[in-house]
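Asker: So the chains spell out like this:
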Amino acid sequence: MTVSRFIIAISILLVLSGCTTKQGLQPSLENLGLISVAGFDYIDNDNMRMTVIMPQPALEAEKHTQVITVNTDMLHKGLVDISSRADKTVSLKQLRVVLFSEEFARQGQMKEMVEYLFKDADVRSSVFVAIVKESAEEMLRMEYPDKQNTSSYINNLFQQRQYTFFSPFTTIHEFVYDETDPIRDTIAPYVELKDEVIHIEGLAMFSNGKMETTFSKHEGKIIQILRGREKLSVFALTLDDEGNEKVALEFVKSKAKVKTENINSPKVILNLKFEGTLSEYEGDKDLANKKDIKNLEKEVSKKIEKEIRNLLEKCKELEIEPIGMFETLRMRYKGDWTTDLTKELLEKAEFEINVETNLTSIGALK
Amino acid sequence: MDVSKKKILNGYHVVFLVQNIMVGMGLLSMNNSLSPLGYSQWWVPILFGVIANLTIIPMIWLNLQYKDDDLFDIHEKLLGKWMGKSLNFILLLYAIILFSAVIDSYLELIQISILPERSINGHLIFFILITVFIVKGGIKSLARFCILTFFLTGWMAYFLRWGMESGEIRHLLPLFNFTGKEFLEATKSGYNSIVGYELIMFFFPYIRKPEKAFKHSSIGIWLTVFFYLMVGIVGVMYFTEWQLEHILFPVLKLFQAVDLSFVERIDKIGITLWVFLILTTAGAYLWVAKKGLDSLRNKNSQYHIYAVAILTYVVINLPISQIIRKTFYERTFYFSYGFILWPILLCLVHLVRRRKMR
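So the sequence lines, in the order shown, correspond to chains A and B.
Count along the first sequence starting at 1, add 632, and that's the number in the working numbering.
Count along the second sequence starting at 1, add 3, and that's the number in the working numbering.
Excised from the complex, chain A in its bound form (with noise of 0.2 Å):
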């Protein structure tokens, strides 16, 4: 009994030795400013700008975000920097977004930083990564007045939604996935700053770490297709030359599969099948018709294969492969898997392309 005794003397001893008041030591949470977006500039190639936001929750306040800007080689080092200025003890621990400016990505920089934050143990990988066209600063300096706050309203921008499915919101684990990945190379979202609002603009793609070019949002659509996304919403497209028929399809399913045959001549199969119903319409063509629907979906069928046919042969000029083709020949390679052979074979690649297009229901009008 005696030890049980003194165990419980202890745990209380230790419970209680939250409550000391002593500074220093670990901060309690009103002490905390808790970074939720961070914002990385270039400056050269040591040196970058790092600018961060934290929640001001006291209501006394008369603004709700605080911004800290610093220059710096290092980012605990820049943590530190912003301790200085900030009147709490920063932490990373609630980041959600981190923005870099095209620039930063387009000299590298990105991926190293990147890794970082994802040896941190205080940062979780599931943190969002992005592209800004121009500065990151800028995007966190601007006032969003129509917003709860900066902090909420970045962070709530990233969060999937139906509509914005073209972007892939790439996580700080996908980013570091995509970029390891010998199979496939690393998409990112791509978003400027417009009429003082943030768009999300497209797609930036990447090839050994570095930032190349940006793809837009239609692009972007086909891409997710590809990776194999099965939850989607409305497509548009435009059926003919002269911009005469258009549709709009609200899909329901859709099933991508993606099989590449023969090491030596690679020969890419991609059979896509799409189920949705026919959201707008505008053209010649009867809706009430049956013929007219079969030939529809013909149409729409041969439209999207052009479509993913202009954008693997994009990839394959740009030497990008964002959707990872090959994996299905590493299921049956012996040896380790480099880019040199995802970047050989996508050289040598041919594409046939099988899209299967299902109109379940045409709308509630005839």
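These are calculated hints, taken from the structure and not from any lab test.
Heads up, some of the hints might be wrong.
With beta-carbon atoms standing in for the labels, derived distance ranges [as the list claims (entries may be wrong)]:
#  : chain 1 : residue 1 : chain 2 : residue 2 : range
1  : A       : 638       : B       : 276       : 38 to 44 Å
2  : A       : 842       : B       : 178       : 31 to 37 Å
3  : A       : 796       : B       : 338       : 55 to 61 Å
4  : B       : 46        : A       : 643       : 29 to 35 Å
5  : B       : 183       : A       : 723       : 33 to 39 Å
6  : A       : 691       : B       : 46        : 53 to 59 Å
7  : A       : 706       : B       : 338       : 39 to 45 Å
8  : B       : 329       : A       : 638       : 54 to 60 Å
9  : A       : 689       : B       : 54        : 24 to 30 Å
10 : B       : 120       : A       : 889       : 22 to 28 Å
11 : A       : 691       : B       : 327       : 35 to 41 Å
No more than 25 Å apart at the CA atoms, straight line, and that leaves these computed lysine-lysine pairs for PhoX-like [claimed, not checked]:
#  : chain 1 : residue 1 : chain 2 : residue 2
12 : B       : 184       : A       : 720
13 : A       : 917       : A       : 966
14 : A       : 966       : B       : 184
Output of the computed footprint for chain A on chain B, the stretches with three or more beta carbons under 8 Å from beta carbons of chain A [as the list claims (entries may be wrong)]:
#  : stretch
15 : 21-28
16 : 68-81
17 : 175-186
In this text, all values refer to a predicted model and were calculated from it rather than measured experimentally.
Backbone N, C-alpha and C define an ideal beta-carbon position, used for all residues, glycine too.
Given the coordinates of chain A, work out where chain B should sit on it, guided by the hints.
Answerer: Below, chain B alone, put in the same frame as chain A:
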């Protein structure tokens, strides 16, 4: 509680003792230590399970020949008093070092990931005290704690769901994409995640139905393998080969992928709950060390637990550098591979002696 030599362990106790002593720090870093195999590592836990199940046969056979003796007594009976005692002394040291290795590596993880600003000395004392408290009740108390631990921690396997959802199932192939050298390297570093079942040689005399011990311990081993296999598969799906090689504790990253609306840092919850798994493993080694001291001094005394606990505290606080300490622990784990094969030799000695007697 029962501390005297009596038959006190029933079937459930044996299953969960074997299972929980095996699971410890090893599981947290299993994907990493098997990483020389790349994506082909996920089925290796099955192979380890087979090896474990094969190596447990000589252990149990030997124990069945000496139904009321643990390994310490068997050593003295088979190899003579002096030989046996010196071997037991080595075993005692082995148990103490593994006890400290398990606690030390766990507390280091706590320091890295949860409390980077604090020293772990207080936690160390507290941790050792709890282990002492569990072990004071004897092997049955430890076994009961193991059952509790299983139900307190086993449900965490559900957290693997998120990793599985965003993972790539095609990583599971090819099955044999590695060289012989890579395989040996991975086995060397990976098998220590499965050691622990050999402690059955020490608690065997307490088992109520020794003839069923093999069945029960096999169930324990395959329960462990089941969890390891799940972590192995999900880890391979969720990570790339580079990540498997560079992330020290892949399970924690898998927990970070969990996306719940009401709680965020599942990995921190995971680490803190892991304390139960560490307590069972550490407690088992402390119990073995206590038994070792008992047999060395020919005296059954509860004070031996305190002696071992204090010794462990000293070992962990020895002023040697972290690197030396790490390699030392690692070597001790390799020693346990030899220890697993040791009963085969003892069986041979036993057979030779029996023939001579006749």
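Asker: Against this structure, judge whether each hint is valid.
Answerer: Consistency of the hints with the structure:
Look at residue 638(A) against residue 276(B): about 25 Å separates their beta carbons, and that is not inside 38 to 44 Å. Between residue 842(A) and residue 178(B) the Cβ separation comes to about 35 Å, which falls inside the hinted range of 31 to 37 Å. For residue 796(A) paired with residue 338(B), a C-beta distance near 57 Å keeps the hint of 55 to 61 Å intact. Separated by about 43 Å at the C-beta atoms, residue 46(B) and residue 643(A) break the suggested range of 29 to 35 Å.
Remark: the range hint 33 to 39 Å for residue 183(B) to residue 723(A) is contradicted by a beta-carbon distance near 47 Å. At about 58 Å, the CB distance of residue 691(A) to residue 46(B) agrees with the hint of 53 to 59 Å. Taking the beta carbon of each, residue 706(A) and residue 338(B) are about 41 Å apart, inside 39 to 45 Å as hinted. For the hinted restraint 54 to 60 Å between residue 329(B) and residue 638(A), the CB-CB distance of approximately 33 Å leaves it violated.
Look at residue 689(A) against residue 54(B): about 56 Å separates their beta carbons, and that is not inside 24 to 30 Å. At about 51 Å, the CB distance of residue 120(B) to residue 889(A) disagrees with the hint of 22 to 28 Å. Checked against the given bound of 35 to 41 Å, the beta carbons of residue 691(A) and residue 327(B), roughly 55 Å apart, lie outside it. A C-alpha spacing of about 53 Å is found between residue 184(B) and residue 720(A), which places the hinted pair above 25 Å, so the restraint is violated.
About 53 Å separates the Cα atoms of residue 917(A) and residue 966(A), which puts this hinted pair outside 25 Å; it is violated. Taken as a hint, the residue 966(A) and residue 184(B) pair is honoured in the structure, with Cα atoms around 15 Å apart against an allowance of 25 Å. Check on the stretch 21-28 of chain B: 0 of its residues sit with their Cβ under 8 Å from a Cβ of chain A, so the three-residue criterion for coverage is violated. Counting residues of the stretch 68-81 of chain B whose CB lies closer than 8 Å to any CB of chain A gives 0, which falls below the minimum of 3, so the coverage claim is violated.
Here's how the stretch 175-186 of chain B fares: 3 of its residues keep a CB closer than 8 Å to some CB of chain A, so the rule of at least three is met and the hint holds.
The structure does not agree with the numbered hints 1, 4, 5, 8, 9, 10, 11, 12, 13, 15, 16 stated previously, though it agrees with the rest.
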